[in-house]
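Visitor: Working from the sequences, and respecting the hints, build out all of it.
Taken in sequence, the protein lines are chains X and A.
First residue of the first sequence? That's 1 in UniProt numbering, and the numbers climb one at a time after it.
First residue of the second sequence? That's 1 in UniProt numbering, and the numbers climb one at a time after it.
Keep in mind that the hints were calculated from the coordinates and are not lab data.
You can take every hint at face value.
Each computed DSSO-like pair below joins lysine-lysine, with the alpha-carbon atoms no more than 27 Å apart: (1) A:Lys89 <-> X:Lys407; (2) A:Lys142 <-> A:Lys129; (3) X:Lys98 <-> X:Lys68; (4) X:Lys282 <-> X:Lys99; (5) X:Lys498 <-> X:Lys518; (6) X:Lys416 <-> A:Lys89; (7) X:Lys294 <-> A:Lys89; (8) X:Lys98 <-> X:Lys408; (9) A:Lys89 <-> X:Lys408; (10) X:Lys443 <-> X:Lys518; (11) A:Lys89 <-> X:Lys417; (12) X:Lys518 <-> X:Lys453.
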Amino acid sequence: MSDAFKKEPLTWHNPLSAWGTAEGLDEVPSVTVPDPREAWDANTRYKVKTHKVGRLKHYVVWPHHGEKLWSRWRWWPTRRNVLHIHGLYNRKTLAAEKKIDDRRPIYWMICLLLLALGPFLFPESMQNTLLSAGAIFGIFAAINVCWTLILGTASIFSLATYAVVGVAAFITTWLSIRLGLPWYLLPPIGTALGFVMGALIAVPALRLDGFYYALLTLGLNELCRVFFTTSKLFGSASGGLYGADSYIPDWLSPMGQSWLGYYGAFALLLAALFLFRFINGKRLGRILRMAPEKREAFAQACGVDYRRARVQIFLITSAAFGFIGGFYAAQYRGVAFSIFGFDTVLLGLAMLTIGGIGKAEGAILGTLVVTFLDKVLIDLGPLRHFLIGLIMLGVVLFLNKGYFGIKKQFDAWRDKKRGEWRSLRSEKGGEALPEEATEIDDKDELFFRRFDKVQRDHLKKMICPEIIEEHRRRPLGQHSEALERVLYYFRRSPMEDKYALHHIAATDRYRIIAFSGKRGVSPRVVEDREYVTIEDAYHGIFMRRIHDLMES
Amino acid sequence: MELTFVLINAVVVACIYGLIAVAVSITWSSLGLINLGYGFIFSFAGYGAYVVALYLTRMPVLVAAAGILTGALGGILMCLLVFIPLHDKPNFTTRGMIGTLAISLMGSQALLLQFGPRAKSLPELFGSKSIHIGATVLTADKIGIVVCSVAMLSFVVAWMKGSRRGLEIRAMMMNPHAASIVGIGIRKTGLYVMAVTGAMGGLAAVLLSQTYYVSPFSGLTPLIKGVSIALCGGLGSVQGAVIAAAILGLTEAVTSRYLGGQYVLITQFLVIICILIIRPRGISGLLDKGREQ
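Guide: Structure, rendered in structure tokens:
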């Protein structure tokens, strides 16, 4: 019982005694009643650090209907909606509103538009550097978008990507030089070569997994490098093989050639994105995502033929790599040995890691960052590779799934922190937590809960042996102010679980029961104890309520 | 005569690459980390030995010790930067591998910035004497390489079998989770493992630099060979790595003798591919169940 306030004995004067009292009690000994403002001040003072809460997931909501209109539009020739829009009614104003559930198509459009308009936005002095870097970006982004199908969708750690691209580029260049093949035949021939390479790579992939496969493919890359660099046929003396036919005509001005190269690479990137969407978002992608490494048995038990899917993905992506290799030869009139270099694989891996493995947007962003550092900031020298390594290390250390996994990771972190803050608020006392408060429509309810809590805090201070003794002596009738305030509070409690007395007619005794609060549902018996007199029973209930109040 | 020559070369090559392969294998089986940063550790240790030889002393023992210590330092660096921050994070294996690659990229560039692209040579550690056994000539460097590698490997194996720390590492190899429950600190053990395997890489660097030179990117070939041998022997198995080192050393020696140096990698990878297609987990690799993080 509370000793928080000074219990000065005083005499309480009954204000109604002028009209006479039945028992002649116009004055009773009492305790002082503390100032209710103290409880209010104590409750409104911050104890725990509080944080802003509300609807944290913020959506942009647009006015008017729109769901039906947008759900009719499709991306030709697929059956996909152009934008996922969902219609809703505002709970306060009842106005019709619409919400874009997935804004990624809009972002894609903006980014691709920026890439398409890029050459017009480049500063004059840097135009040549940026155009050639942009062409390299387009080709490498296309490679990475296809590579992410194997690394992300199929989750097979294959590092033979540049081996396929390089082999296709070297052989098509050689064919073009020897047989005089025109440029438009190089990508299709590259595709065929890539297809064959894909079949070769797919064989060990069915037996090996994880790092065995990664290291084997890395070895394959090294093998190709050694083979091509030492082979006189492929120009071991000149650091590469050059002289293929190109789609960029010689008669064009150097700047015109750069522009054409940029847009050629951009078109290649668009084709790669289309391929990514076509595989990742369709049946093959789903099958592959269903059967990642180490979970093949489960997928097989579900009826997924993952071997077939893996062979398919290797054939398709390798054909795509072959196409890109042929395109590369047709763009740069040949290819250098550096395409097989360990550094090339490493930088490719850095591109994928920075953006986030398994996402087309991640592959493109990573390529953009790495190409910018590597090809535009050439003045930095070896420092630029150091910077790329630093970014790569930072991403690996701090981000779970690259740049495009930041949001999910942040959400998870925020949920964790929210749980921690919630557990810090140990003194809840029946009040609504800020998080649940946002979900309660009737805000009066929140104010009532807060008021109730403050009132209980105030009343707890008044509970002392003196008022209990006073109630024991006279359960009914006029009481001192402190006891009367406590009793008013008890009387006003809701019907649910409210204590009452049950008179047992057979034994003429009393028992404490609690109402269910629902019509037709019987009250429950609270305790076995039976009271002989009704005054004792009243006091029994009072003691129970005091106990509940002090516990609350 | 020719066969002996080929065999001696095979043993020498196997000894050097075996060191890195065993290092890769031990790191993988005890920490679950595929350390692709041995290329950097290799070059780093080579430069450590070079700096000591240039500024302090050219005494062979001290130069080799400097190489080994720098290698250990490189291993500790790798552990502090990649293993300790990452080992309890999701997707550790892939992230760990990419992290070691990132350090390798940064480290090589830092070495390039500091020492320039020109290759540096280390002083000869074993002198230029040679021993004639019958028709066979054993040069001092070959004997030295074999003796040092075998000594280092024996030391590591004895240390792992006999010492308290070795017991901890073996416990980690069997079941890292259970090991951590019974009070074996994953981070502390990680530091030991990386220091010792780094030292092995360092010794390999010092030994190989007798034949080749030290340059910022000189660690790449030993790394790829070491990793391929570890892979071929089966990740996590020391004896597998030794057997694979012997097989691939023999392949290398035979190929370079009869076909030419440019075909070495091709024949080696063909051998590896054949072995792996027959035994997907290497010659004596642990099954996945044997090591689950």
